[in-house]
Amino acid sequence: MRIVDIREQTFPISSPIRNAYIDFSRMTLSLVAVVTDVVRDGRPVIGYGFNSNGRYGQGPMMRDRFIPRVLEADPASLVDDGGDNLDPVRIWAAMMTNEKPGGHGERSVAVGTIDMAVWDAVAKIAGVPLFQLLADRYGDGRPDRRVFVYAAGGYYHPDQDLKALTDEMRAYTARGFSVVVPCRVQWRLGTDAATVVAVVLCR
1 MRIVDIREQT FPISSPIRNA YIDFSRMTLS LVAVVTDVVR DGRPVIGYGF
51 NSNGRYGQGP MMRDRFIPRV LEADPASLVD DGGDNLDPVR IWAAMMTNEK
101 PGGHGERSVA VGTIDMAVWD AVAKIAGVPL FQLLADRYGD GRPDRRVFVY
151 AAGGYYHPDQ DLKALTDEMR AYTARGFSVV VPCRVQWRLG TDAATVVAVV
201 LCR
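Those letters in the sequence shown? Residues 1 to 203, per the working numbering, in order.
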């Protein structure tokens with residue numbers, strides 16, 4: 001069992017919106033595929049991962065440092081003790097070879113995206129959903145059926161006024177969200193006070 005290839009592709013996900021700090025006109029993300037030699041239903045098992053909107057693609061860092069370290073490692077050092085599956089912890093350790101502790105924030109995006117794809121491949125090889133695999137390994141085997149989520153929205157759109165903002169926030173609560181986060185707040189007393197008041201009163 002081995003990883004035969006790790007591929008990264010950077011894609012544009014630009015849109016005419018912005019939050020309190022950045023605009024998304026040149027936003028990108030990295031899509032990673034971890035290709036294994038394991039075959040299921042006549043096809044190789046491939047794990048996929050992508051980084052979050054707002055973090056930018058990290059292709060150069062992945063291709064220059066982290067992907068080569070995994071592909072150059074002894075394949076036997078990247079599988080679990082039984083040889084039945086890949087070992088995400090050992091693969092993570094291979095990626096982090098010769099990296100100082102802490103490091104910079106962009107590195108966590110690069111490593112985390114590959115790590116996500118590795119875990120996806122591990123779950124597919126095991127033949128179980130990833131949430132069940134994690135519950136079995138790190139819990140009592142019973143995955144949480146309820147997970148806290150919130151709606152992040154309220155980005156600056158061209159020509160969006162406070163009414164459009166409150167309509168958007170109401171739409172989230174109508175879908176069942178109990179917490180919404182307007183991403184446009186910059187803590188400017190004048191305009192942001194009006195934004196916060198509008199969102200609070202729209203409930």
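Quick caveat, the hints were computed from the structure, so don't treat them as lab data. Please read all numbers here as calculations on a predicted model, not as lab measurements. Where is the CB? At the ideal position from N, CA and C, for every residue including glycine. Take the hints with a grain of salt, since some may be wrong.
[As the list claims (entries may be wrong)] What follows is a list of derived Cβ distance ranges for each label pair:
id, residue 1, residue 2, range
1, Met1, Ser25, 42 to 48 Å
2, Ala126, Asp64, 27 to 33 Å
3, Val179, Gly42, 18 to 24 Å
[What the hints assert, rightly or not] With a cut-off of at most 25 Å between alpha-carbon atoms, the simulated DMTMM-like pairs for lysine to aspartate or glutamate come out as follows:
id, residue 1, residue 2
4, Lys124, Asp87
5, Lys124, Glu72
6, Lys100, Glu72
7, Lys100, Asp64
8, Lys124, Asp140
9, Lys163, Asp37
10, Lys124, Asp41
11, Lys100, Asp84
12, Lys124, Asp84
13, Lys124, Asp23
14, Lys124, Glu168
15, Lys124, Asp136
16, Lys124, Glu99
17, Lys124, Asp161
18, Lys124, Asp80
19, Lys100, Asp74
20, Lys124, Asp5
Evaluation of the provided hints:
no., hint, verdict
1, Met1 / Ser25: 42 to 48 Å, "holds (43 Å)"
2, Ala126 / Asp64: 27 to 33 Å, "holds (31 Å)"
3, Val179 / Gly42: 18 to 24 Å, "violated (45 Å)"
4, Lys124 / Asp87, "holds (13 Å)"
5, Lys124 / Glu72, "holds (23 Å)"
6, Lys100 / Glu72, "holds (20 Å)"
7, Lys100 / Asp64, "holds (16 Å)"
8, Lys124 / Asp140, "holds (21 Å)"
9, Lys163 / Asp37, "violated (54 Å)"
10, Lys124 / Asp41, "holds (12 Å)"
11, Lys100 / Asp84, "violated (31 Å)"
12, Lys124 / Asp84, "holds (12 Å)"
13, Lys124 / Asp23, "violated (36 Å)"
14, Lys124 / Glu168, "violated (37 Å)"
15, Lys124 / Asp136, "holds (15 Å)"
16, Lys124 / Glu99, "violated (29 Å)"
17, Lys124 / Asp161, "violated (46 Å)"
18, Lys124 / Asp80, "holds (15 Å)"
19, Lys100 / Asp74, "holds (22 Å)"
20, Lys124 / Asp5, "holds (16 Å)"
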